[in-house]
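Participant: Residue numbers (this note's numbering), protein chains in the order written: chain A, 511 to 795; chain B, 511 to 795; chain C, 511 to 795; chain D, 511 to 795.
One thing to keep in mind: the hints can contain errors.
Just so you know, same-sequence chains aren't split out, so a pair can sit in one copy or run between any two.
To be verified - Calculated pairs, BS3-like style, for lysine-lysine (alpha carbon to alpha carbon, straight line, at most 25 Å):
{"#": "1", "residue 1": "601", "residue 2": "790"}
{"#": "2", "residue 1": "761", "residue 2": "790"}
{"#": "3", "residue 1": "601", "residue 2": "761"}
Hints listed in this document are in silico derivations from the structure and should not be mistaken for laboratory results. These numbers were taken from a predicted model, which means no experiment stands behind them.
There are 4 protein chains.
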Amino acid sequence: MSHRLAVLLIRCPDRPGIVAAISRFLYTHGANITDLDQHSSDDAPGTYFMRLEFQTEGLDQPLEDLRPPFAEEVGRPFSMDWTLRSMAERKRVAILVSRQDHGMLELLWEWRRGDLPCQVSIVVSNHPDLRSATEALGVPFHHVPNSREIRAAAEARMLELMGNVDLVVLARYMQVLSPEFVRRFPSRIINVHHSFLPAFAGADPYRQAYDRGVKIVGATAHYVTAELDAGPIIEQDVGRATHRHDVEDLKRMGRELERRALARAVRWHCQDRIIVHGNKTVVFA
Amino acid sequence: MSHRLAVLLIRCPDRPGIVAAISRFLYTHGANITDLDQHSSDDAPGTYFMRLEFQTEGLDQPLEDLRPPFAEEVGRPFSMDWTLRSMAERKRVAILVSRQDHGMLELLWEWRRGDLPCQVSIVVSNHPDLRSATEALGVPFHHVPNSREIRAAAEARMLELMGNVDLVVLARYMQVLSPEFVRRFPSRIINVHHSFLPAFAGADPYRQAYDRGVKIVGATAHYVTAELDAGPIIEQDVGRATHRHDVEDLKRMGRELERRALARAVRWHCQDRIIVHGNKTVVFA
Amino acid sequence: MSHRLAVLLIRCPDRPGIVAAISRFLYTHGANITDLDQHSSDDAPGTYFMRLEFQTEGLDQPLEDLRPPFAEEVGRPFSMDWTLRSMAERKRVAILVSRQDHGMLELLWEWRRGDLPCQVSIVVSNHPDLRSATEALGVPFHHVPNSREIRAAAEARMLELMGNVDLVVLARYMQVLSPEFVRRFPSRIINVHHSFLPAFAGADPYRQAYDRGVKIVGATAHYVTAELDAGPIIEQDVGRATHRHDVEDLKRMGRELERRALARAVRWHCQDRIIVHGNKTVVFA
Amino acid sequence: MSHRLAVLLIRCPDRPGIVAAISRFLYTHGANITDLDQHSSDDAPGTYFMRLEFQTEGLDQPLEDLRPPFAEEVGRPFSMDWTLRSMAERKRVAILVSRQDHGMLELLWEWRRGDLPCQVSIVVSNHPDLRSATEALGVPFHHVPNSREIRAAAEARMLELMGNVDLVVLARYMQVLSPEFVRRFPSRIINVHHSFLPAFAGADPYRQAYDRGVKIVGATAHYVTAELDAGPIIEQDVGRATHRHDVEDLKRMGRELERRALARAVRWHCQDRIIVHGNKTVVFA
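Bound-form chain A, shown alone (with noise of 0.2 Å):
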C-alpha cells in the first residue's frame, strides 16, 4: 500500500495561504492528499509545520520532477525548510550498541516482521558479544573498540563502515560521541536514555530513582546533541514502581520502557513525522 505514497514534511514562518498554495499546488499536479497534520506554534512570530501524505498514482509527473516547481512557487515564497520523499524509499539505518541488546533486538525484530520501515544496514559495537545474535537476524555486524583515549579513530572507522545513513540509533550505546560526529548527523542521532528526562540524566539513572524513591519510572528517547541527554526529547515511557521494586526490578522493568520508548522514536523518525524546532519536536504520531 505504501509503496505508492508519498510525505511531504514543512516548517516556515507562519502567515497566511500556506494551506491554500499547498494543497493548489498537489492538486494541480494530480496528488490525491490522504494525511495532512499541522501545527501552528504559540510563540512570536510563529512557526507553522505540516506534514502531507499524498497518493503519487494520479501524479502528471514522476515524483522528484515535483521538486523543483513546488520550490520556486511554494517553498521560497514562504521560506520553508521541507523535504519531499517518496514512502518507498527507505531510510538507512546504523545500530550502535554496546553489551545490552535489548534495545538493538527490539528494533531488528520489528524490522524483520516489517513493523519499521527502514533499512538496518549495519550495527556497530564496543563489544563483540552481540555479534551472533545480530547475525542470526541477517545484519552485518562490525566490532569497533573504542574509549575516550582512541575516540576519534573509533569514530573515524565506524564513519567509513556506515557509509551513506540516514540515521544513526544509540541503543545502549555506552561510549560518549564527539561533538564533530554529533555535527554531521543533526536531527539525525537518536539515543535511548533509561530515565524519564530530565530527571537523572547521567550515569545510573535507576540507582538514582531507586535512592529517591520515585512511584513511576521510565525511558526517554531523544535526539542527541551536545550536551549530554539533553537534546529534543521525541517519546517517553513510564512504569509504576513500588517500594518491593530493587535496582534489578527497576532494569528489567525499565528495560520493556527503554524498548517501547526507543520502536517508536525510530518508527516515527522513518516515516518523516518529527520536525525538530528549537530543543523541542513536532511529532505527528
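Use these hints to put chains B, C and D onto chain A, whose structure you have.
Facilitator: Here is chains B, C and D on its own, set in the frame of chain A:
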C-alpha cells in the same frame, strides 16, 4: 483568546481537491487557519472528515455572512455535511442525573473553573437528592419523577424545562429514554456507561466485572442511540484491578474513570471535535 | 464494615520470628487477621515493615487494653516502632490552600461521599476566595493571611485554629512553611507538587515542562520535610503531552493528575498504609 | 540470590490462627520469611490464600524433609491445598505456536536474558516457519501438523515430545485443544487472547474491535479451561486507539500488548505467584 476563533467541521465523500477548495475559500476571505485536522476513512468509497480552526479578526465580512458563499462554492460542489460556528457561542447543555453525583459534579466543577466551554443551563433529576449541590454551583435544578409507567409525561416535562438545548448529558441517569426522545437529539445525547464497552453492557457492570475476575476495569462515554449501550463510543478510560478489589472498590475506582471519560467527551463535543460516522466516531482531540 | 477493624503498623530491625510473634499474640487474644502486608528492605541490616488488619469482635479485651501486653511481649523484644488503631477512629485533617480549589475540592468531595476515611476539621487559606465553596460542603473555613514577613504570627494563628490535627494537607498552599512548623508534624504533612519530581522542582513546573518539551507530565504527592520538594514521595501520576499542549493545557491536565495523586496519598495516610523509612515510603496500598 | 529461597503457596478455608500456625512452624525450623502476601476472599465461607518466600540457609533439615511435618502439623489441621518448592528448581515449559512469532520470541528473549525463571524445554508448532528462529535461541523445535481431523494423533505426538512439562504456553497457537488435553494440565496452560476479554472473544478480535469503534484495545493472558476464552484471567494490558488506526494498526499495537501480558503471566506462574480460585485468579505480584 478563543473568542476570536471559529470552527469548521466537515464530512463529505472523499475525492481530490477538498483541502485546496476549502483553504482557498478561507484564504480569500481573510481567515487565518490555526488548526487543521483531517481524516479519510479507509472503506470504499471513502469518506473525508475535517476540522478547521481559524482566526476571525481578518475576515472580510461577518462570520455568518460567509455561510451562503461557502455553501455555494464549496459545500454543495463537494456534497458536504458541514457546520461553521464561532467559538464564542457556547453550546447549551442539560444534565440528567439520578442519585449519584460524581459525573454531574465533575462537569459542573470544570465548567465553573472555565475548563468546559459550554453553558450548563439546567440539571434534571428523577430524585430530589442533588438539588442543593446543584444550586450551590449556580445551576437550576428540577425534580421530574420518572419511571416506565409515566415516561411519556416525564419526558414531555423535561423537554419543556430544557428548552432549546444543544446537548443532553446523562451523568448516570438511571432511566431508559424513549426512542422518540432519543430521536430528537441525534448524536447530541452523551451517556457514561460504567464499564469498558462492549464488555459488561446492561445492568450492574461492576458486579459483572468482579464475577468475571477481570484485571482492568473501565468506563465508556458514548452517544445514545435507540439500542441500549450500543451507540458510537467517544472515549474510554481504564484502571487496574486486582483480587483485592471487591465490588465496592471497583465502584469507587470506576467513579474516577467515569468522571474522566465523561468530562473529556463533553469537552470535545462542546469544542466541535467529534464527527459521528456510522456507529463510530472521529475525534479530533 | 470497617468499624470493627483495627490496624497494626510496624517497623523494626529485620530478624527471624517477627511474624510468628505477632500472629501468635493476636491469635491468643482472639483477633482474626483479615489483611497482612509486609516488606523487608534490602539494605543491611534490613528493616522489617508490616501492616495488619484484624477483626476486633472476638477480642478477649478492649482494643486499648491490648497495647500494654503487646508492647511488653512483642514491641520491646523486637525493638518495634508500632501503632495500633481502631479504624473507627477517624484522623483529624486540616487542609491548607491558597486560591486554587481543585485539590481541596477533590478531597472534600471524596470525604463527603464517604470515600475518604477521615474527619476534615478545618480549611485554612491565605486568601479569602474559597470560603463559600468550603462552607457549602460543611467545613469551617478560616482566612489567615501569610507571607514571609508575617510567617511566624500566621503559623501560630494556624496552629491555634487547627488544634489537635493528625494530618495537614497542603492542597496547593503557596506559602513556604517554617522548619519549626514542619517539625511539629513529622511525616504528617502531605504536599502535592505539580510535577513529576524530581524533575521540575521549584517554581512554575508546567512552564519548565513546556520549555523542556517533555512528552509526559506528572504530579507528585509527598511528605513535607525541611528541604523543599525533597521529602519522601508517596504517589505520582502522569499523563501524555504533545506539541499541541501549551502551558495552559498542561496546567489543566495537571490539575487532574494532582487531584488523583493527592487523593490517593491522603486516603492511604488515613488508612495507616504508609511507613516512612529514610527518605522513602513503604506504601501498603 | 534466589537459589536459597523457597516458596510456600497455600489455599484453605479461612479461620483464625492460620498465620500463627504457619509462621510458628517456619520459625521453629529455622526459616527466615522474606516475603509474605495473603488474601481472604469475601465470599462466605471465606477462603484464605497465602504466598510465603523464605530463606532456606538456616533450615534445621533439607527442604524436602519439611514436607511431611508441615502436612501433619499445619496442612491437614487447616485443610490446606499447598505447595512447597525451592526457587532453584525451574519449571519446565513447553511453548505451542503457529506462525506468529511475537509471543514466543518475547518469552525466549526474556528467558535467555535470565528474566524468566524457568526452563523452556521445547517449542512445538503446527507450521514449520519458526524453526530457525527457535533453534537460533537454543531451544528444540518440533513441527507437528494439527487440524480438527487429526487432533487426537497430533496431541498424542505433542504429549510424547513435551514429556513431563509443568506449564504449556499457547503463544498464539491457532488450534483448539481437546478437553482431554486441557484436563491433563489443570491451571497449567496459559493462553494469550488478542482482546480485552470478555469483549471480543472468538475469532478476529481486532476486526471486531475496529468495527465497534472502541477507543482502547487490549490483550488477555488466561488459564485455559474447557470453555474457549472463558478461563481464569491472569493479566490484561491495554493501549489507546483512535479513528486513525485501521485493523493492521490495531494488530501491530496488539502484538505489543500481547507480548507484555503473556510475559508477565508466565513469569508469575513460574514464580508460584498465582492461585486459581473458581474462575478467578489471586495474583501475588
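Participant: Now, for every hint given, state plainly whether the structure supports it.
Facilitator: Do the hints match the structure? See the list:
no.: 1; hint: 601 <-> 790; in the structure: within (22 Å within a copy, 35 Å between copies)
no.: 2; hint: 761 <-> 790; in the structure: between (27 Å within a copy, 19 Å between copies)
no.: 3; hint: 601 <-> 761; in the structure: between (31 Å within a copy, 24 Å between copies)
Going through the hint list in order, the structure satisfies each hint without exception.
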